[in-house]
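*Asks:* Place chain B on chain A using the hints.
There are 2 protein chains.
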Amino acid sequence: MQSIVDFILEVDKLKGVTRKVKPLGLERYENSAEHSWQLALLASSLQSFAAVPVKIDHVIRMLLIHDIGEIDTGDTMVFVEGGWAERKRDELAAVTRIFGLLRDGQGEVFLELWKEFEQGETPESRFANAVDRAMPVLLNLNNHGQSWRENHISHARVVARVAPQIQAGCPALWEYLEVRLTAARDHGWFATDG
Amino acid sequence: MQSIVDFILEVDKLKGVTRKVKPLGLERYENSAEHSWQLALLASSLQSFAAVPVKIDHVIRMLLIHDIGEIDTGDTMVFVEGGWAERKRDELAAVTRIFGLLRDGQGEVFLELWKEFEQGETPESRFANAVDRAMPVLLNLNNHGQSWRENHISHARVVARVAPQIQAGCPALWEYLEVRLTAARDHGWFATDG
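Those protein sequence lines, which keep their order, are chains A and B.
For the first sequence, the residue numbers in the numbering used here are 1 to 194.
For the second sequence, the residue numbers in the numbering used here are 1 to 194.
Take the hints with a grain of salt, since some may be wrong.
[What the hints assert, rightly or not] The following residues of chain A were derived to be distant from chain B, with all beta-carbon distances above 12 Å: (1) G16; (2) E30; (3) A40; (4) V52; (5) K55; (6) T73; (7) T76; (8) R87; (9) K88; (10) R97; (11) E121; (12) R149; (13) H152; (14) D186.
[What the hints assert, rightly or not] Within a straight-line C-alpha distance of at most 27 Å, the following computed DSS-like cross-link-like pairs (lysine-lysine) qualify: (15) B/K55 <-> A/K115; (16) A/K13 <-> B/K22; (17) A/K115 <-> A/K88; (18) A/K20 <-> B/K20; (19) B/K20 <-> A/K22; (20) B/K115 <-> B/K55; (21) A/K20 <-> B/K13; (22) B/K13 <-> A/K13; (23) A/K55 <-> A/K115; (24) A/K20 <-> B/K22; (25) B/K13 <-> B/K115; (26) B/K20 <-> B/K88; (27) A/K115 <-> A/K13; (28) A/K88 <-> A/K13; (29) B/K88 <-> B/K13; (30) B/K115 <-> B/K20; (31) A/K22 <-> B/K13; (32) B/K20 <-> B/K55; (33) A/K88 <-> A/K20; (34) B/K55 <-> A/K55; (35) A/K20 <-> A/K115; (36) B/K88 <-> B/K22; (37) A/K88 <-> A/K22; (38) A/K22 <-> B/K22; (39) B/K88 <-> A/K13; (40) A/K88 <-> A/K55.
If you are wondering where the hints come from, they were derived from the structure by calculation, not from laboratory data.
Where is the CB? At the ideal position from N, CA and C, for every residue including glycine.
With the rest of the complex left out, here is chain A (with noise of 0.2 Å):
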């Protein structure tokens, strides 16, 4: 008991680590704690427009435990360019650390489920990649393109960087981004040179 204690006490930092995003009509970032438990509910309400059948329930246990490596890395918007392979091996140094505090085998559940979601081979981490890359697209096109406007992001950095992994993991949400992209760019919500 005392070890699955440590182990949620741990992962309560993910509260404390905030992203570039803000909820719709708060003044505050988003952390990440908040944006997985939003994933689970996306991809729960999205499932009849996976690419292929998925096992929903094993996609909202991935993304509820995707971004649990920010503890000790924070998190890094997706746009950044290179030091992805370092980020990456502090993220699995860090989830190793967490999940490690659990026994009798839960931890190790996790951590594949973690590698699964990382590695994006399988439908159920295909679907999941798409929900966690198109989410900041839906608030920032609901928000006046917050975060593309705070970082500087073109139009075409956006697209370039969401636009496969939605298209592969659930390629009708693709379909309905991509138009209101567009009217973004048209509303001026992009950097032109970003």
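*Replies:* Just chain B, lined up with the frame of chain A:
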């Protein structure tokens, strides 16, 4: 697709519903979205300690949506006396509205999960309720009784409000908490008459 987007942007508001406990080491109050995420992880980790075997994915789904009614009503501390029937009626109206944004039976599935949690009559909902009652206790035990002190809550009142549900859903967790609640009383982390 638009109905799913409307839903996920509506539930975004749960990130703005604040609770009475603070995440460890942070100055702000916890919100109900990140709380729901943490409960899903606690339930996963505690599965083998459930009073009776539970379908854990069903528990997780229930916990992810159990607080969504608070978008319209706000969070009410479990120690508030009276007015519960009215609050539950208002929460039911809220989740009926919010889940009603979804199409193709998805909203009905969420609504049934929400009602199952509220009724607390299945093994899964009893376990989910135990986890929901226990998490703020765990945070307070590691935060010098922060929300108990701020809200003038006595040891007896905490025990009366959380013991029955935690014992019913996860007896080993209650055993763990009971001794620590006694120690917390000895530390002076409770009001003596609240």
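*Asks:* Going by Cβ atoms, does A/D186 stay more than 12 Å from chain B at every point?
*Replies:* holds (19 Å)
*Asks:* Are all C-beta atoms of chain B more than 12 Å from that of A/T76?
*Replies:* Given a closest Cβ separation of 20 Å, the condition holds.
*Asks:* So A/T73 supposedly isn't at the interface. Is its beta-carbon more than 12 Å from every beta-carbon in chain B?
*Replies:* A/T73 clear of chain B: closest Cβ-Cβ about 17 Å, beyond 12 Å.
*Asks:* Between the alpha carbons of A/K88 and A/K22, is the straight-line distance 27 Å or under?
*Replies:* holds (24 Å)
*Asks:* Do the alpha carbons of B/K115 and B/K20 lie within 27 Å of each other, as the hint requires?
*Replies:* holds (24 Å)
*Asks:* Does A/K88 really sit off the interface, with its C-beta more than 12 Å from all C-beta atoms of chain B?
*Replies:* holds (22 Å)
*Asks:* Please verify that the nearest CB of chain B lies beyond 12 Å from A/R97's CB.
*Replies:* holds (16 Å)
*Asks:* Are the Cα atoms of B/K20 and B/K55 separated by 27 Å or less?
*Replies:* violated (30 Å)
*Asks:* Within 27 Å, alpha carbon to alpha carbon, are B/K55 and A/K55?
*Replies:* Holds - the C-alpha atoms of A/K55 and B/K55 are around 15 Å apart, at most 27 Å.
*Asks:* Can you confirm whether the C-alpha distance between A/K13 and B/K22 stays at or below 27 Å?
*Replies:* Roughly 11 Å separates the two Cα atoms, so the pair holds.
*Asks:* Is it the case that A/E30 keeps its Cβ farther than 12 Å from each residue Cβ in chain B?
*Replies:* violated (7 Å)
*Asks:* For B/K55 and A/K115, compute the direct alpha-carbon distance and say whether it is at most 27 Å.
*Replies:* Holds - the C-alpha atoms of A/K115 and B/K55 are around 24 Å apart, at most 27 Å.
Of the numbered hints listed earlier, those contradicted by the structure are 1, 2, 3, 5, 32 and 39.
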